[in-house]
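The listed protein sequences correspond, in order, to chains A and B. 240 is the number that this note's numbering gives to position 240 of the first sequence; each next residue is one higher, with no gaps. Heads up, this note's numbering is the position in the second sequence plus 333, with the first residue counted as 1.
Treat the hints loosely; a few may be bogus.
List time: in silico BS3-like cross-link candidates among lysine-lysine, alpha-carbon distance up to 25 Å [unchecked claim]: (1) A:K204 x B:K537; (2) A:K271 x A:K313; (3) B:K599 x B:K543; (4) B:K441 x A:K210; (5) B:K543 x A:K204; (6) A:K50 x A:K108; (7) B:K537 x B:K599; (8) B:K646 x A:K204; (9) B:K604 x B:K537; (10) B:K604 x B:K646; (11) A:K313 x A:K266; (12) B:K543 x A:K210; (13) A:K210 x A:K266; (14) B:K383 x B:K441; (15) B:K537 x A:K210.
Some but not every residue of chain B turned toward chain A, in silico, with C-beta under 8 Å [unchecked claim]: (16) P427; (17) F503; (18) A528; (19) P550.
For the record, the hints were derived by calculation from the structure and aren't laboratory data. Every residue gets a Cβ at the ideal spot worked out from N, C-alpha and C, and that includes glycine.
There are 2 protein chains.
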Amino acid sequence: MIDLQEVHLSAVIDAVRANQRFLCISHVAPDGDAVGSLLGMGEILTMLGKEATLALADGVPDNLTFLPGAERVVSADGVGDVYDCIIVLDASSPDRMGNVYREDAHGKSPLVVIDHHVTNTYFGDVDWVEPRCAAVCQMLVYLAQRLGVSLRGNLAEDLLTGLVTDTLCFRTSNTTADVLGAATVLMENGAQLSAITARTLNNKPFRSLKLWGEVLPGARLAERVLWVTVAPEQLAAAQATAGDLELSSVLSAVAEADISATFIQKTDERKAPVVECSFRAKPGFNVSDTAFALGGGGHPAAAGCTVPGTLEKAVPPIVAQLQQARAQQATGQ
Amino acid sequence: MIDLQEVHLSAVIDAVRANQRFLCISHVAPDGDAVGSLLGMGEILTMLGKEATLALADGVPDNLTFLPGAERVVSADGVGDVYDCIIVLDASSPDRMGNVYREDAHGKSPLVVIDHHVTNTYFGDVDWVEPRCAAVCQMLVYLAQRLGVSLRGNLAEDLLTGLVTDTLCFRTSNTTADVLGAATVLMENGAQLSAITARTLNNKPFRSLKLWGEVLPGARLAERVLWVTVAPEQLAAAQATAGDLELSSVLSAVAEADISATFIQKTDERKAPVVECSFRAKPGFNVSDTAFALGGGGHPAAAGCTVPGTLEKAVPPIVAQLQQARAQQATGQ
């Protein structure tokens, strides 16, 4: 069984018990672990007789609205000013909270950070960070158990959804025996694994396939680094958005590559061209250092960043950095 | 915890304890569960001080030779005549043993069948069949525990490989809490999940991706039937073979389709054009009737056939049949 950060977990438990009115926040561009942990935290607080406002700057993505409690989630205009305590889930730095957190109104309340990113900046008054957990939803299994809250029902379904989506159904390299153990407990408490995978991972829009047809002919492989680029014209041709790509797990399954990357051409708020970069590494390799050096963050096995420029200018030097990092890591093994 | 067939499990344990020289066999065209359970059974018998010959009519496939003990496996010419007991793993009927079992030589020895297929014909003297187990490797976790054999080391790695490959890394609908529980125990005993998925499921050649880039632009969706066609020129452009396609599970994850199909242009022995058809159906839909009507076969969820003709001529009427079948099945629900 995993050694938890007991001092910090105890501080979270104290904060939960001592307060009544909570604002819970997860990160912008929310994924399954963001939504699952937010809804799960809401369930835990409700079962303890607390009041909780659940907030996401970008709302619940369409493919996760099936989750029990999703209708409770508010965006910025549903967030009040006064809370006893603010709990932030799955966010490695304060900017990840987006506009649902307002320093002027919320800065006075104690801030509790619950996260599993190794890159967490410890920006809370209480910071419970467990990089060895594959998802914040895994951490909430332990929190619920410590608080004596039953996992049965909605809570199990919310938490297993985050665990399944963050590990791509237990395929990521951080899937430890403890991850499977937590998933086992959630299934024993009624969570339906195959229904969750059917509604999340096995639920791809047809336009994703058309987009793959646009970008895969341009897939490149050199020095065991594999990459694809996505231009706005390709998105238009497939009638798709960048969110439809979801190609990372396919790329990271390619035998001849240790590191894979996707590069998507976007524009920032000032209409300047930027490239959104997403990296994956196989076990034994690390992409978080490269992402961090480029102003991004993430885990050793999955990281990303956004850099200024066009695909033509920005991609070649980043690919070279990834190839260099891979070569060094291969030598070091 | 699963209710095991205790009477039959006890009979297996008695047969293991009472005998010394074993012949262990798994099925022709072996998959991960066949090889994993065969090697696992070999480990169990060795640890109990027994002698075991491990036999596969078709040998160990290349992608599974990394498994500990794979070098012990023999084909027909390595099988002797006289054994105290024969243990058959993951085979639903005697023909699945292939030529490593010879009735004249082996028919005198007691035959122990260990299987998880609901279609098992109970052809042994002892038949331990657990259709609620997702893999025979899951059954061997319970057998090892009952026999007091440590799972640590090679045994854990062999058994987790079978469990992972038969459930596509816990994505099949028969992945219960007991499956995850067994996998947890195996990881706690040292099996490396991410290394196993990396070497089995996440081990796609780059040419598969290039082939997807060739065929996905032609993916079509109509009346909730999704299909792709593969012409010889496309295989040539990707420097790939038909076996590199492996697109079925991607197609069957598309939200807007209930039935998916791949059509590959081939030629038969007389150089006449034929189309190899592979169908998948989502839960609640059935493609085996259509495949059967076209001279093929399979299961409700996955079936196929080979028909004469070219893609241009053969595909449209088959797509129409699939669309008609789907419409009837949707009405019947």
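Cross-check of the supplied hints:
For the given pair, K204 of chain A sits about 20 Å from K537 of chain B by alpha-carbon distance, which is consistent with the 25 Å threshold. Only pairs whose Cα atoms come within 25 Å are accepted, and K271 of chain A paired with K313 of chain A is accepted, the gap being roughly 17 Å. About 19 Å separates the Cα atoms of K599 of chain B and K543 of chain B, which keeps this hinted pair within 25 Å; it holds. For a cut-off of 25 Å, the pair hint linking K441 of chain B to K210 of chain A is broken: about 59 Å separates their Cα positions.
Of the pairs offered as hints, the one joining K543 of chain B and K204 of chain A holds, with about 20 Å between alpha carbons and a cut-off of 25 Å not exceeded. Of the pairs offered as hints, the one joining K50 of chain A and K108 of chain A holds, with about 20 Å between alpha carbons and a cut-off of 25 Å not exceeded. The straight-line distance between the Cα atoms of K537 of chain B and K599 of chain B is roughly 23 Å, inside the 25 Å bound, and the hint therefore holds. About 30 Å separates the Cα atoms of K646 of chain B and K204 of chain A, which puts this hinted pair outside 25 Å; it is violated.
For the given pair, K604 of chain B sits about 30 Å from K537 of chain B by alpha-carbon distance, which is inconsistent with the 25 Å threshold. Of the supplied pair hints, the one linking K604 of chain B and K646 of chain B holds, its CA atoms being roughly 17 Å apart against a limit of 25 Å. Annotation: proposed proximity of K313 of chain A to K266 of chain A holds, straight-line Cα distance about 14 Å (limit 25 Å). The straight-line distance between the Cα atoms of K543 of chain B and K210 of chain A is roughly 14 Å, inside the 25 Å bound, and the hint therefore holds.
Of the pairs offered as hints, the one joining K210 of chain A and K266 of chain A holds, with about 19 Å between alpha carbons and a cut-off of 25 Å not exceeded. Between the alpha carbons of K383 of chain B and K441 of chain B the distance comes to roughly 20 Å, so the proposed pair stays at or under 25 Å and holds. Taking the CA atoms of K537 of chain B and K210 of chain A, the gap is near 20 Å; set against the 25 Å cutoff, the hint holds. The criterion of a C-beta within 8 Å of any C-beta in chain A is not met by P427 of chain B, whose closest approach is roughly 32 Å, and the hint is violated.
At about 5 Å, the closest approach between the beta carbon of F503 of chain B and any beta carbon in chain A falls short of 8 Å, and the interface hint on this residue holds. At about 7 Å, the closest approach between the beta carbon of A528 of chain B and any beta carbon in chain A falls short of 8 Å, and the interface hint on this residue holds. For the restraint placing P550 of chain B at the interface with chain A, the shortest Cβ-Cβ distance is roughly 4 Å, inside the 8 Å limit, so the hint holds.
Consistency note: the structure conflicts with the earlier hints numbered 4, 8, 9, 16.
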